[in-house]
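Chemist: Residue numbers (our numbering), protein chains in the order written: chain C, 1 to 246; chain X, 1 to 329.
Everything labelled a hint here was simulated from the structure, so no lab data went into it. Ideal placement from N, C-alpha and C gives every residue a C-beta, glycine not left out. Misleading hints may appear alongside valid ones.
[As the list claims (entries may be wrong)] Reference listing, derived: stretches of chain X covered by chain C, where coverage requires no fewer than 3 residues with Cβ under 8 Å from a Cβ of chain C:
1. 85 to 96
2. 219 to 233
[What the hints assert, rightly or not] As a list, the in silico DSS-like pairs of lysine-lysine whose alpha-carbon atoms are at most 30 Å apart:
3. C:LYS196 - C:LYS132
4. X:LYS128 - C:LYS47
5. X:LYS128 - C:LYS146
6. C:LYS54 - C:LYS193
7. C:LYS54 - C:LYS25
8. C:LYS196 - C:LYS166
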Amino acid sequence: MSLLELDGIMKHFGPVQVLLGVDLKVEAGEVVALVGDNGAGKSTLMKIITGIHKPDGGTIHFDGADISGHSPGEIRERGIEMIYQDLALARMQDVASNIFLGREPTKRLLGTPIRMLDRARIEQEAEAMIRKLGARVPSVRHPVGKLSGGQQQSVAIARALTFNPKLVIMDEPTAALAVREVEHVLDLIRELKRQKIAVILISHRLTDVFAVCDRVVALRQGRVVSDEPITQTSMNAVVAHIVGAA
Amino acid sequence: MAANEPSTAATVPQSGFRADRFSVRLESLLVLVVLIVALSFLSPYFLSVSNFLNILLATSVIGVLGFGATFVIAAAGIDLSLGSVLALSGVVGALSVNALNLPWPAAIVTCLAVGAFCGLINGLLNAKAGIPAFIVTLGMLGVARGLGLVFTNGQPVYGMPDPIVFLGQGRPFGVPMPVFIFIGVAIVAHFVLAFTRFGKYALVIGDNETAARAMGIRVERHRVALYMVSGTLAGLAGLIFLARVNSGDPTAGLNYELTAITAAILGGSNLFGGRASVLGTLIGALVMGVLQNGLNLLAVSSFYQQMAIGAVLVLAVWLDQVNRARGQR
Ligand SMILES: Nc1ncnc2c1ncn2[C@@H]1O[C@H](COP(=O)(O)OP(=O)(O)OP(=O)(O)O)[C@@H](O)[C@H]1O
Ligand SMILES: [Mg+2]
């Protein structure tokens with residue numbers, strides 16, 4: 001059984017049919033590119049995996065368990081992290097708080113059973129993570145809303161990698177990054193692969209896709225129109241799948 | 001991304017105090033200090049321990065309501081029913097000992113329970129049924145006030161047992177009991193909002209609800225809990241009011257919700273969520289309390305007091321925006 005298995009996923013928003021039965025498999029340590037035109041339904045499909053949207057039909061299995069209909073918290077707990085296209089950061093909170101959002105370590109208040117946030121640990125570990133990623137952030141106490149777009153993206157990436165995920169979904173993780181930072185992210189994906197962590201990469205930059213991915217899946221009009229190993233396809237072929245000119 | 005450039009990596013600054021973490025509007029603290037200094041010169045009666053205790057006593061009910069407002073505002077909500085819930089809680093609390101002849105602790109329990117229940121209804125209608133908070137709590141403002149009047153025929157319920165009266169009028173060590181309650185609640189509420197997951201999640205929901213949901217925070221459940229906090233605090237304010245005047249008054253706390261919200265905003269909470277501080281609300285409430293007290297001592301008509309508070313509110317928010325625009329924060 002694969003690490004992730006989507007079976008016949010369907011989703012509509014009001015009268016708009018976005019996904020019309022999507023099947024997708026991802027193995028441990030595999031890097032899969034998900035490509036498609038704007039509005040093809042890529043983000044919607046990923047948000048169904050992470051529990052933000054409930055599918056109208058179909059099932060999701062992860063790591064041998066049926067996770068269809070589970071809450072976003074439970075799904076994170078099982079080891080799926082996502083870097084959202086809009087980053088999903090709390091702009092008024094600082095970098096450290098954002099990295100630990102939803103998973104804050106706590107400690108006892110003066111030995112009582114009352115639990116309070118362990119700020120020291122949150123800051124230390126957030127800082128360690130930022131350092132490990134070589135991200136350029138002035139301070140972990142800096143409010144995220146005052147960082148540049150690229151720095152915010154680094155924070156979102158750091159958050160996704162802090163809790164030992166088994167699958168990391170990246171929705172346009174390099175959109176706001178400079179050339180050198182893009183290279184960093186690609187290196188990072190290769191490193192995840194070495195650690196047997198699966199990655200789904202959504203990107204419009206086919207050069208990135210061809211640089212790091214094992215497989216490329218194209219989504220068009222709510223369906224998977226192609227699913228090919230990267231070695232057996234070409235950029236032109238992928239573009240043709242995306243626009244439907246095959 | 002290798003750790004090849006430690007110099008550019010994040011560092012934790014050594015400074016211990018960070019005003020931004022308390023989210024206190026420093027302008028308000030400044031206004032408070034200036035007011036205290038100015039009034040000390042203007043009135044010979046202002047600067048004394050007993051007068052300060054008076055101010056704290058007069059601020060206690062609004063302050064406790066303001067803390068409730070702060071929790072809801074943190075999550076970008078609003079509770080317009082605070083004043084009405086205060087009255088309903090007080091009335092039911094009074095009736096529980098007065099009409100139902102229950103022992104005195106029942107008054108305390110019912111005040112808090114009625115408040116919590118009103119908050120629960122607010123929360124469920126807002127978070128689960130999806131009705132905007134403004135509408136839900138505006139509805140509760142009417143319903144709770146009306147219920148209080150119905151239960152009492154519009155007449156105050158007089159005569160509380162001694163222990164309850166003590167809560168409002170007792171003065172251990174010369175300090176009025178409501179002041180103890182007020183300060184105690186301030187400490188607990190500040191701790192919860194600033195130092196626990198519960199408070200952090202309230203702020204995150206107010207900041208970016210979608211992100212909160214994506215990170216696994218149970219947004220609806222948390223909203224309901226926040227309205228229950230503000231309802232319970234309104235119930236507590238109702239208890240203090242009841243104990244102070246020795247009667248459950250269905251007309252108590254009229255328009256108090258607006259004053260409570262003013263205290264929160266004055267103290268630095270963002271009406272649109274994401275930033276809120278109990279300590280700030282305490283300062284905001286004190287600014288209003290000091291202003292009122294000072295103007296009373298100077299024999300200024302109460303008509304002008306309302307104007308002064310309105311002006312201070314707009315001024316503090318304006319100063320804050322000027323500061324933000326300059327990028328000083
Ligand atoms: N919450 C929503 N409510 C209503 N419609 C939505 C919602 N989210 C997405 N859609 C619609 O679903 C379709 C697919 O959107 P989606 O964001 O999944 O596309 P995408 O493939 O990620 O596009 P892009 O490359 O631009 O990010 C679009 O037509 C969009 O308008
Ligand atoms: Mg998208």
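Chemist: For the pair supplied as a hint, LYS128 of chain X and LYS146 of chain C, is the alpha-carbon distance within the 30 Å limit?
Modeler: Given that 30 Å is the threshold and the Cα spacing comes to 33 Å, the pair is violated.
Chemist: Please count how many residues of the region 219 to 233 of chain X have a CB within 8 Å of a CB from chain C and say whether that reaches 3.
Modeler: violated (count 0)
Chemist: For the pair we were handed, LYS196 of chain C and LYS166 of chain C, check the Cα-Cα distance against 30 Å.
Modeler: Given that 30 Å is the threshold and the Cα spacing comes to 8 Å, the pair holds.
Chemist: Are LYS196 of chain C and LYS132 of chain C close enough, with their CA atoms no more than 30 Å apart?
Modeler: Roughly 19 Å separates the two Cα atoms, so the pair holds.
Chemist: Would you mind confirming whether the straight-line C-alpha gap from LYS54 of chain C to LYS25 of chain C stays at or under 30 Å?
Modeler: Measuring from Cα to Cα gives roughly 19 Å; hence the hint holds.
Chemist: Would you mind confirming whether the straight-line C-alpha gap from LYS128 of chain X to LYS47 of chain C stays at or under 30 Å?
Modeler: This hinted pair holds, its Cα atoms lying about 21 Å apart.
Chemist: How about the region 85 to 96 of chain X: do at least three of its residues have a C-beta closer than 8 Å to a C-beta of chain C?
Modeler: violated (count 0)
Chemist: Does LYS193 of chain C lie within 30 Å of LYS54 of chain C when you go C-alpha to C-alpha?
Modeler: holds (29 Å)
Figure legend: structure checked against the earlier numbered hints; hints not met, in rising order: 1, 2, 5.
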